[in-house]
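J.: Sequence:
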Amino acid sequence: MTPDDIAARLDEALARPNADSGAWSPPHVDRDAFLDLKRAELRAARVVPYAVTFHPGDEAALLGPWEDREYTLFVVARAGPDVLLFDPGTLLFTLGLVAAAGRYAVTGYSSGDALAEWIT
Numbered sequence: 027m028t029p030d031d032i033a034a035r036l037d038e039a040l041a042r043p044n045a046d047s048g049a050w051s052p053p054h055v056d057r058d059a060f061l062d063l064k065r066a067e068l069r070a071a072r073v074v075p076y077a078v079t080f081h082p083g084d085e086a087a088l089l090g091p092w093e094d095r096e097y098t099l100f101v102v103a104r105a106g107p108d109v110l111l112f113d114p115g116t117l118l119f120t121l122g123l124v125a126a127a128g129r130y131a132v133t134g135y136s137s138g139d140a141l142a143e144w145i146t
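Numbering (our numbering), first residue to last: 27 to 146.
In short, the hints are calculated from the structure, not lab data.
Please note: incorrect hints may appear among the correct ones.
Said to hold, decoys possible - Cβ pair distances, simulated, as ranges:
1. N44 <-> A127: 32 to 42 Å
2. E93 <-> P53: 18 to 28 Å
3. D30 <-> D56: 31 to 41 Å
4. P53 <-> T79: 33 to 43 Å
5. A59 <-> D108: 33 to 43 Å
6. E96 <-> A59: 33 to 43 Å
7. H81 <-> V55: 30 to 40 Å
8. T28 <-> P53: 33 to 43 Å
9. R72 <-> E96: 19 to 29 Å
10. P43 <-> T79: 17 to 27 Å
We put the CB at the ideal spot given by N, CA and C, even for glycine.
Please take these sequences and the hints and turn them into a complete structure.
T.: Below, the structure written as structure tokens:
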């Protein structure tokens, strides 16, 4: 997949209606307003997709079926240490962070719902 293909996948995910999103929202706020705000934050955090190498540790195994091998994932958004990663092999997004020495860690589950992964 090219960076343009990956960016198109993110565009498709962000076009999903709020009613179809599995994203969490606080119970005391208007869900649509909250998701619209978070979607705007994610759009503002977008970057030109770039490849990073990820090797899951023991904690990542608790979050999904990660094998003990290196993965090439793409960063599609970044805000501080938080990154939204895309796996071109599974076509899924996952929240991660930039750890010490430029290493990447996965901090959440994976799904095709970029907004849901960004909010978790």
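J.: Is it true that N44 and A127 lie within 32 to 42 Å of each other by Cβ?
T.: Roughly 38 Å apart at Cβ, these two residues keep to the hinted range, so it holds.
J.: Please test the hint of 19 to 29 Å on the beta carbon pair from R72 and E96.
T.: Holds, since R72 and E96 (Cβ atoms, about 25 Å apart) stay within the stated range.
J.: Using the C-beta atoms of H81 and V55, is the stated range 30 to 40 Å upheld?
T.: holds (38 Å)
J.: So does D30 sit 31 to 41 Å from D56, Cβ to Cβ?
T.: Hint holds: Cβ distance 35 Å, inside 31 to 41 Å.
J.: Could you check the hint for me, namely that P43 and T79 are 17 to 27 Å apart, CB to CB?
T.: violated (35 Å)
J.: Can the suggested window of 33 to 43 Å be confirmed for the beta-carbon pair A59 and D108?
T.: violated (22 Å)
J.: Can you let me know if the beta-carbon spacing of P53 and T79 is within 33 to 43 Å?
T.: Given range 33 to 43 Å: holds, Cβ gap about 39 Å.
J.: Is 33 to 43 Å right for how far apart the beta carbons of E96 and A59 are?
T.: Hint holds: Cβ distance 41 Å, inside 33 to 43 Å.
J.: Quick one: are T28 and P53 within 33 to 43 Å, going by C-beta?
T.: The hint (33 to 43 Å, Cβ to Cβ) holds, given that T28 and P53 are roughly 41 Å apart.
J.: Assuming the hint says 18 to 28 Å, is it satisfied by the Cβ distance from E93 to P53 or not?
T.: With Cβ atoms ~37 Å apart, the hint is violated.
In this structure, the earlier hints numbered 2, 5 and 10 are contradicted, and the remaining ones agree with it.
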